[in-house]
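Colleague: In the order they appear, the protein sequences are chains A and Y.
Throughout the first sequence, residue numbering follows our numbering, covering 1 to 506 in sequence.
Throughout the second sequence, residue numbering follows our numbering, covering 507 to 855 in sequence.
Just so you know, the hints here were simulated from the structure itself, not pulled from any lab data.
Note that the structure is predicted; figures quoted are calculated from it, not measured.
Treat the hints with care, since some could be wrong.
[What the hints assert, rightly or not] Keeping only pairs whose Cα atoms sit at most 27 Å apart, straight-line, the calculated BS3-like set for lysine-lysine is:
id	chain 1	residue 1	chain 2	residue 2
1	A	K392	Y	K780
2	A	K162	A	K75
3	Y	K839	A	K75
4	A	K345	A	K334
5	A	K345	Y	K714
6	A	K420	A	K380
[Unchecked claim] Among the chain Y residues that face chain A by a calculated CB cut under 7 Å, a handful are:
id	residue
7	S536
8	L697
9	K714
10	N719
11	G720
Virtual Cβ for every residue (Gly too), placed ideally from N, Cα, C.
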Amino acid sequence: MPNDIALSMRNISKSFPGVRALHNVDFTLYKGEIHALMGENGAGKSTLIKVLTGVHPKDAGEILIAGSNKEANIKSPQDAQNLGISTVYQEITLCPNLTVAENMFIGRGDYHFVNWREMGKKTVEILEKLNIPARSTQQLATCSLAVQQMVAIARAMDMECKVLILDEPTSSLDEREVEKLFSLMRELKARGVGIIFITHFLEQVYEVCDRITVLRNGELIGAYDIKDLPRVQLISKMMGKELDDISEIKNSRVSHARADIPPVFEATGLSSAAGTKAFDFKIDQGEVNGFTGLLGSGRSESVRAIFGADKVTGGKIHINGKPAKISKPKDAMKLGIGYLPEDRKQDGIVDDLSVRENIILALQVMRGFFHPFSRAEAEKFADEYIKLLGIKTASMDTPIKSLSGGNQQKAILARWLLTKPQYLILDEPTRGIDVGTKVEIQKLVLKLAEEGVSVTFISSEIEEMLRTCSRLIVMRDRNIVGELMQDDMTQAKIMRTIAGEAVQNG
Amino acid sequence: MKSQLVIPLFALLLLVVFNLIRDAGFFSLSITVNNNGNSVLSGNIISILNSASELAIISIGMTLVTASSKGQDISVGAVAAIAGSVFVRVLREHNITWPIIILAFLGGCVAAILCGVFNGTLVAGFKIQPMIATLILLTAGRPIAYWINGGATPTVDSPLLGYIGSFIPGVPIPTPILIVIVFAVLVALILRFTNLGLYTQAVGINEKSARLNGINAAGMKILSFMILGVCVSIAGCISVSRIGLINHETILLDIEMDAILAVAIGGNALSGGKFSIAGSVIGAYIIQALTITLYAMKVSSTAVKAYKAIVIIAIVVLGSPVVQGYLLKLRDKLFQKSKKALESQAYGE
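With the hints as extra help, turn the sequences into a complete structure.
Modeller: Okay, here's the thing in structure tokens:
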């Protein structure tokens, strides 16, 4: 049924200096389908999208739009838009200080005058048609992220797009918002729009998509109907190996905690200026524990208080049984504590510096201002950890910002591993990175624990924590509301601990 | 070699070639005997290198401040007046001997470093925009300089100062050039044997991340302003030594703009982060070479600035990301054929 094809890409190849990003990739999108584009970081998903939207010129191959036999000539994002290809990115690219209506119509058409009434009327129409809960005169910034994303989609729709690309639209949305977004996507699908959906959340793929195209290392692995490709197979296709690994992790929940010696870190009444209520906390040598709770429950603030990342306002600390003082990150680092922050872009990477400089940064600071590593030493360290963690980078002198998210995260992880910490805090180390790297990081955590390192592991995905932690600290409203050990650690029990308290207080 | 140095070096080369075509003898050196009976080198190269000394030294410090604080210090000229005035005051109150000159220089340094601490604290502690923070001393600096000596143009007279400002007997090269060389080597050694470069860049690129890696971000910013203070005071003392007096109103007037320009011409982002001091120093010499070239072309001194502006626009635009991106694309196009051939070989096609 060639008439049903919305878009087809044939034999697309694209190389960057030193990297072959895409090699002979085919991709077909039908009208009225939601098509997941899956692959690990660096598989070539983004490059494929960027070729399609004219951000990068392709080296070879052809793109056909809507079944026509003539090759589409896409040289810029503007060209793509004129051909009916619209993209909505993870980060919202609208103007938050303008109203919804203005955002819908800004920069469109070549009119010099604005008919405000007409614009408002049309906006209301679209919002109603697509069931978007926003007023046309509302300032965009006052809408929730999900609604902003929907406005971006509505804008794309109103521009008569035939192909809609959603690049990680759900990563900053909560469950209810995701549901809203999905119903909008289904609505568009019914109208015959072809949607390309990129996400790291497997659940969402199976909830909303019809077909899946899998890429790996810049090559096409295959395109499948969703019902023909169970989860396990999808993951193994993305990773290129059988999936014993994940089940292996599940079975290895053995605690290496040593309770016979004083805890590696113990705090009583710790509180910080970021708004944590005073809390007690300890971790034994070789223990993996986790903070869990809803977003905003104070998980991150608590571990930041441990590391001295925010101003510490009270509390006593013992390291290996001896009293200690942590008032700034460097104090914590000297005591053998490492901290991988939640927000990789804002707090983690130093984006213009090279991978090498990013890896050695923490150890270099611990060694001191007057004792820089020689180039050879630094290269040795960087080389060792690039190999150890399998960081994909053109060279160690590449600026870290040009690496994919997962590889950036590995480099930050390398930075802290290099300091040989006795206690490592990992705040959302697996957010926004691919399944393969997630599994690698979880395995690494368990290996560290085996070697006697204590780890605090925080993740929004409870399953991940159940797999790795031997003790969970449950938080709600910036308070610790419970602690779950070995057998009590089930999803249901965690939910009840979070919710149970809410009932009492409410 | 860092790619950011390509454009400034290219600009310098163009200036040299232009001058050679215009006047083949432009760069000729000759040995003359000066008033003090020394045989010294003279010629356009020497006067470019010599008169750019203050600017080169200040642009070194300006580069660090720009990198760490993502802004510029516009008070350097005024602070140079303060440092120079302290230098002059100490000299005037003593018999001028080498220890006294060193003492006077150190006095000027302390004053300029204190100004740096003041600026740095406003920027790092109170999070005030560098340009606004340093506007205070830009306004107040020269009056303070006047107040230090309580007179309009106090003079100091000593052959020893002449050694600093012009020539040491028996050395044919002007002393300011030697001072720049010594100072540049010193800075290079500091960058080599400390983490100044890494920390400054980390703070300028991502302050939050730098802090979480144990770097004292505020401290690094203040330190960069203090280092600039040292640079400014050296420049101020050279300037005083050249003419044996200080005019607080005119000493190193407008040098802040040239210093910022030198940083920009050197390919450094004025928004901070990664830096190249070599680039800024080359930038300083480009500015001076341009001025001397224009003078040699008999352009009147009032018009020089306008001509300078035109050339600088060209350099800055050439170095802008937009043009750079375009040039890269052009290069890719030119080499595409050979590249494709290589690739198909590499992929075994």
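Colleague: Now tell me, hint by hint, if it's right for this structure.
Modeller: Results for each hint:
no.	hint	verdict
1	K392(A) <-> K780(Y)	holds (23 Å)
2	K162(A) <-> K75(A)	holds (18 Å)
3	K839(Y) <-> K75(A)	holds (15 Å)
4	K345(A) <-> K334(A)	holds (24 Å)
5	K345(A) <-> K714(Y)	holds (10 Å)
6	K420(A) <-> K380(A)	holds (16 Å)
7	S536	violated (44 Å)
8	L697	violated (9 Å)
9	K714	holds (5 Å)
10	N719	holds (5 Å)
11	G720	holds (4 Å)
When each numbered hint is compared with the structure, violations occur for hints 7, 8.
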